[in-house]
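Based on the provided sequences and hints, a complete structural model is requested.
Line by line, the protein sequences are chains A and B.
When we follow this note's numbering, the leftmost residue of the first sequence carries the number 226, and every step to the right adds one.
When we follow this note's numbering, the leftmost residue of the second sequence carries the number 42, and every step to the right adds one.
Since the hints were derived computationally from the structure, they do not count as laboratory data.
Ranges of calculated distance between the beta carbons of each label pair, as one might list FRET restraints:
| hint | chain 1 | residue 1 | chain 2 | residue 2 | range |
| --- | --- | --- | --- | --- | --- |
| 1 | A | Ile267 | B | Gly418 | 49 to 57 Å |
| 2 | A | Ser335 | B | Gly418 | 24 to 32 Å |
| 3 | A | Lys254 | B | Leu401 | 35 to 43 Å |
To give an idea of the chain B side of the interface with chain A (calculated C-beta under 7 Å), a few residues:
| hint | residue |
| --- | --- |
| 4 | Ser107 |
| 5 | Ile108 |
| 6 | Met109 |
| 7 | Gly304 |
| 8 | Pro373 |
| 9 | Pro374 |
| 10 | Phe397 |
We treat Cβ as the ideally placed atom computed from N, Cα and C, and that holds for glycine.
Chain by chain, the residues:
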Amino acid sequence: MACRQLWASRAASYLRISLFHRSFSNVLKDLKYADSHEWVKIDGNSATVGITDHAQDHLGDVVYVELPEVGAAVTQGGGFGAVESVKATSDINSPVSGTVVEVNEELNSSPALVNSSPYENGWIIKVKLSDSGELNKLMDSEQYTKFCEEEDASH
Amino acid sequence: MRGGLWQLGQSITRRLANGDKKAVARRCFATEADLKKTVLYDFHVANGGKMVPFAGWSMPIQYKDSIMDSTLNCRQNGSLFDVSHMCGLSLKGKDAVTFLEKLVIADVAALAPGTGTLTVFTNEKGGAIDDSVITKVTDDHIYLVVNAGCRDKDLAHIEEHMKAFKAKGGDVSWHIHDERSLIALQGPLAAPVLQHLTKDDLSKLYFGEFRVLDINGSQCFLTRTGYTGEDGFEISVPSENGVDLAKALLEKSEGKIRLTGLGARDSLRLEAGLCLYGNDLEQHITPIEAGLTWAIGKRRRAEGGFLGADVILKQLGDGPLIRRVGFISSGPPPRSHSEIQDEGGNNIGEVTSGGFSPCLKKNIAMGYVKSGLHKAGTKVKIIIRGKPNEGVVTKMPFVPTKYYKPS
Numbered sequence: 226m227a228c229r230q231l232w233a234s235r236a237a238s239y240l241r242i243s244l245f246h247r248s249f250s251n252v253l254k255d256l257k258y259a260d261s262h263e264w265v266k267i268d269g270n271s272a273t274v275g276i277t278d279h280a281q282d283h284l285g286d287v288v289y290v291e292l293p294e295v296g297a298a299v300t301q302g303g304g305f306g307a308v309e310s311v312k313a314t315s316d317i318n319s320p321v322s323g324t325v326v327e328v329n330e331e332l333n334s335s336p337a338l339v340n341s342s343p344y345e346n347g348w349i350i351k352v353k354l355s356d357s358g359e360l361n362k363l364m365d366s367e368q369y370t371k372f373c374e375e376e377d378a379s380h
Numbered sequence: 042m043r044g045g046l047w048q049l050g051q052s053i054t055r056r057l058a059n060g061d062k063k064a065v066a067r068r069c070f071a072t073e074a075d076l077k078k079t080v081l082y083d084f085h086v087a088n089g090g091k092m093v094p095f096a097g098w099s100m101p102i103q104y105k106d107s108i109m110d111s112t113l114n115c116r117q118n119g120s121l122f123d124v125s126h127m128c129g130l131s132l133k134g135k136d137a138v139t140f141l142e143k144l145v146i147a148d149v150a151a152l153a154p155g156t157g158t159l160t161v162f163t164n165e166k167g168g169a170i171d172d173s174v175i176t177k178v179t180d181d182h183i184y185l186v187v188n189a190g191c192r193d194k195d196l197a198h199i200e201e202h203m204k205a206f207k208a209k210g211g212d213v214s215w216h217i218h219d220e221r222s223l224i225a226l227q228g229p230l231a232a233p234v235l236q237h238l239t240k241d242d243l244s245k246l247y248f249g250e251f252r253v254l255d256i257n258g259s260q261c262f263l264t265r266t267g268y269t270g271e272d273g274f275e276i277s278v279p280s281e282n283g284v285d286l287a288k289a290l291l292e293k294s295e296g297k298i299r300l301t302g303l304g305a306r307d308s309l310r311l312e313a314g315l316c317l318y319g320n321d322l323e324q325h326i327t328p329i330e331a332g333l334t335w336a337i338g339k340r341r342r343a344e345g346g347f348l349g350a351d352v353i354l355k356q357l358g359d360g361p362l363i364r365r366v367g368f369i370s371s372g373p374p375p376r377s378h379s380e381i382q383d384e385g386g387n388n389i390g391e392v393t394s395g396g397f398s399p400c401l402k403k404n405i406a407m408g409y410v411k412s413g414l415h416k417a418g419t420k421v422k423i424i425i426r427g428k429p430n431e432g433v434v435t436k437m438p439f440v441p442t443k444y445y446k447p448s
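Structural data, given as structure tokens:
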């Protein structure tokens, strides 16, 4: 048992190194994805939004997240904030339209949560959906994985 | 200057590389295949280097370590940078010193053989064509390194003046060291590690000094200088020995000196308060405005005799209208072109470089403000995405420099 675990962890670390360039990042099955690398998790009428593992990996150490105000209106594809890493500034676009009902205040003191936990503790805003039909325009996990591979290959 | 997440990693390339506008335009259309490769290219890729276009070269922006970790490790242990894209140049001839003094602000004649300094190539208006570390090897041999992004422009400028100088009987010629590669070794372990590979006593080689010596079996030009604020060296090595030297240095450090890319190099030089040509220093900025007055030799202040001397010496007397200063700020990190306002909301200048300091864990920046508002402690507002953020003028370097000087 111990042996197998040792092998597994070695293999994992080997794979991580050898696949560094291809950015085989973690993609979660039950989320929807925008081509600007944000994810959205739908729970009834509420949508939680963050940036993907692929995005945080490319950005590097996140040092600041600019959050919108609660009550702000967001539109699908429109910018609502920014994420700053040591190397670059990037806009964050909303994958859905609606009203911001909550922002992740934790990110003010711990912006690096976006790196360490992009799909959980590093969520950015929660939105009350105004048009759930828009979700059809987003990618599922399989499409998004393929999208990332193609994008990396073209760079 | 800012892009969406899909432009990841591209913006820094632009930020780092806008040395000369023509080069930028060319680079936008350059395909991977057009990019020049240093002899270390395969070595970078094999070590996980993320290669990006930079001043016409394919260079590593980072390796497996994050920019944050790389920056910290340089100051704690050490960094190895491939800076072979930079252009090494020798000026030779009995009039080489006289010739160079027409183009730069340094008192080259006063340099002792085997010593060097940072200097600025100026234009007729006193603006900076480039900054460069120059070394007097002997009285008739000057070795200098110019920025990759300025190479074409600098060489054309030097060549034009050299023709005129030679036509009047001056004895000077140049050699461009394209047969050599340049490796920067920086950080507290740089000297002890390099000492393993040479018989020369490095404890006798101080900051700014130069020596031709055998390192790892090949003849190298060694300058105790760098772009991080740390003690360290730039090693000009015959290109065929470049990879072996890089491997030997990393090996002798037992993994503590890490390959480090352009991303961390930018953080390090910003923490050290050093200018990046194209951002903090440009054609229209004089050395006085840039805070490089110290680099104008005493004799040069009295005699002039370099391009734009009239403008520069007048500024020296009257004081410049704008000055380069450092800032520490709250909120998002300032980036180049962020507006600077006084407390009353009036525009007083612009940020030229900025970011999050991995070592200080806060935002640092440099930029130009109106004279009078340049004193340390002056409160300013830095405008980012339309919102003002608190900033304060701060003395540079932000992180104390550790140059190896005689005690």
